[in-house]
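With the hints as extra help, turn the sequences into a complete structure.
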Amino acid sequence: MQVTRERRSLARGSGISPYQDGHLKTLDRRDMRSLYRLLWLTRALEERLEIIFKQGQVVGGLYRSLGQEATAVGCGYALSAGDWIAPSIRDLGALLARGIEPHDILRQYTARGTSLCAGKDNTNHFTVPELGILGPISPLGTQLCVLNGVALSFRTRREPRVCFTFQGDGASRTGTSHEGLAMAAALNLPIVVVLQHNRWSFGTPSTAEAAVENWADVAGAYGVPAVTVDGNDVLQVYDAAAQAIARARAGDGMTIIVSETYRMLGHAQHDAQRYVPDEELIAWRDHDPIRSFETYLVEFGFESETSLAEVRAEVAAALDVATDEVLAEPYPAPGEARSRVYGNAELDAAIPWTRGEVPGYEGLVTARPSATRGTTRQSQGA
Amino acid sequence: MASVETRETTYLTAIREALQEEMRADETVFMLGEDIGVYGGAFKVTEGFLEEFGPDRVIDTPISEAAIVGAAIGAAHMGLKPVAEMQFIDFIAPAFDMIVNFAAKSRYRTGIGAGLVIRGPCGAGARSGPFHSQSVESYFANVPGLKMVAPARAYDAKGLLRASIRDPDPVLFFEHKFLYRRIKEELPTEGEVLVPLGEARTHRPGNDLTIVTYGAMVFKSADAADRVAAEDGSEVEVIDLRTLRPLDTKTIVESVRRTGRLLIVHEAPRFGGFAGEITAQVCEEAFEWLDAPIRRVTAIDTPVPYAPTLEDYYLPGEEDIVSAARWLLAY
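These protein sequence lines map, in sequence, to chains X and U.
Going by this note's numbering, the first residue of the first sequence is number 1, and it counts up by one from there.
Going by this note's numbering, the first residue of the second sequence is number 1, and it counts up by one from there.
Some clues are possibly wrong.
To be verified - Covered by chain U, per the in silico footprint, the following chain X stretches (three or more residues, Cβ under 8 Å): (1) 123-131; (2) 141-153; (3) 329-342.
These are computed hints drawn from the structure, not numbers from a lab.
All residues carry an ideal CB built from backbone N, CA and C; glycine is no exception.
Shown next, in the form of structure tokens:
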């Protein structure tokens with residue numbers, strides 16, 4: 001945490017922008033506005049989800065990214081059209097940066113038939129090829145293994161496209177995560193992996209689940225470079241992401257970006273995080289990614305307090321509309337439960353109904369056998 | 001009818017030819033796996049592939065079955081047609097998560113399918129011990145979204161592998177290693193050998209008893225049927241399932257309704273094996289036609305042992321099949 005404290009003071013600055021070179025030079029006033037809107041939209045959308053969760057409108061759990069918005073937004077914003085991103089559960093901001101709409105997220109969490117998963121899966125488990133999004137599944141680490149295949153297709157077709165993914169420090173402990181990292185490195189795939197050191201995986205601190213002090217060290221095991229950033233500083237994240245993406249695009253392989261950040265809420269809505277020491281939360285609350293970016297934007301003349309308030313009001317109005325519209329939409333029709341299991345529709349149609357009905361096969365003799373059937377048995381038994 | 005030119009082809013060569021022909025015809029087909037490139041595969045199925053198709057399409061990977069299957073899924077999402085090799089089908093276990101949670105559910109959850117083939121040598125009889133001999137089909141039988149193929153003949157190995165590569169869904173393709181070099185057939189040298197998934201075949205016709213089986217047990221069952229015919233004069237029908245999912249229930253039920261007696265033979269252990277599912281389906285569809293209880297001849301419920309005496313005890317033998325068939329015929 002010592003490192004992070006030092007970096008924090010950088011972001012606040014003393015009148016001199018620390019972002020004078022590298023990829024940040026390409027960011028103009030409009031980009032700054034976009035980054036801010038994405039950060040705020042992430043937080044406001046999650047707050048909206050929390051409201052409808054408490055109203056009983058969310059089906060299942062709700063997972064928030066409070067405190068981690070800058071890592072997701074900074075990375076998502078650094079990607080180009082044609083690139084692919086594989087977000088984790090706390091990377092809503094990256095999805096919004098890729099073009100996912102609040103409607104899409106609201107539909108997912110409320111299990112609407114109109115949702116990207118058609119009501120068959122929840123949260124951000126959607127895959128949208130047009131936007132270059134590969135959804136996660138709940139067993140963590142698996143997504144990286146699949147993303148390797150996407151990257152492999154880029155390499156095979158000689159396309160200068162890049163894959164980008166996120167893992168929490170907890171997810172990075174799975175076998176599939178290690179296998180995925182090892183293969184991406186071995187095959188020199190165009191991949192960037194953000195390792196989010198957010199200190200907690202569900203109710204276990206990262207210090208209890210890994211004997212790793214400096215998380216950038218893990219990259220050495222795979223023979224790839226790592227860079228550590230203040231994950232709560234959207235510009236620092238963007239800069240590191242842009243550099244790693246450029247490196248991957250040039251054919252130089254995988255980079256691991258360690259994002260030093262903090263999960264400000266429990267694992268999900270049902271988790272009151274009573275296991276977290278108060279002083280830890282208080283310390284990180286002082287390093288809120290959105291508030292510090294607001295300070296930066298005002299301090300360096302990109303925005304005023306008034307213009308930022310306008311952005312927030314516009315987001316709130318958009319979310320009002322989206323929430324009303326989505327909640328008016330229906331759940332999927334029950335019979336849709338048996339659609340698109342297979343790529344052949346006739347196989348879906350042949351999935352037997354299992355509540356006691358016998359399907360019967362067309363073309364078979366349906367009459368029961370004659371009474372003489374079974375006589376063999378009777379005569380033998382006699 | 002003009003005679004078709006044929007060539008003697010082993011089960012293994014049939015698989016190699018299916019891969020070669022699909023790769024030559026469709027540049028999106030590629031392979032990945034352990035030691036398949038430079039070494040040419042543990043059983044030499046892919047010998048010469050690296051030279052012919054290059055490193056982009058014949059990819060040597062780390063020993064990482066989960067990562068192999070994962071990469072196949074991602075590549076399939078991008079429109080490629082991956083064929084992933086498990087060096088031995090036993091090693092599919094580390095990829096279980098990728099197969100059942102990612103590949104099998106992908107289309108259902110997201111609408112984006114994962115048309116890929118995972119192929120590898122299965123089966124016992126080669127004195128290879130607990131980790132190079134297993135039959136894993138039942139591990140995956142309870143997973144909607146997967147297809148499973150277990151050919152017995154060289155013709156079917158070739159035709160079904162080609163169909164599997166073209167299939168839009170994840171297909172597990174079980175090659176019986178005992179058959180690799182023991183099965184030789186005359187296969188046509190010209191024209192496409194293609195066998196659709198989901199269709200069983202009658203290996204040997206008969207009207208007195210139905211044996212439903214697959215893989216190497218097709219030949220043991222046929223030998224047993226020949227003996228019963230020669231010694232007892234009863235005609236046993238042997239049905240080779242070829243595809244395990246989707247299961248061709250129709251062919252099974254039709255046969256059982258004709259013969260009134262059913263014996264199911266498989267090499268996998270008994271408990272929770274395919275025979276149980278087939279039994280249940282026949283009870284639902286043909287109970288009134290049965291003249292005898294349904295019986296199963298399977299491996300015993302133990303790991304696959306190593307010593308020849310133990311493995312022979314473990315595996316269903318021709319004698320076991322003959323004896324179960326006679327019991328059923330006499331019932």
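Hints that the structure is at odds with (numbers, increasing): Violated hints: none; all satisfied.
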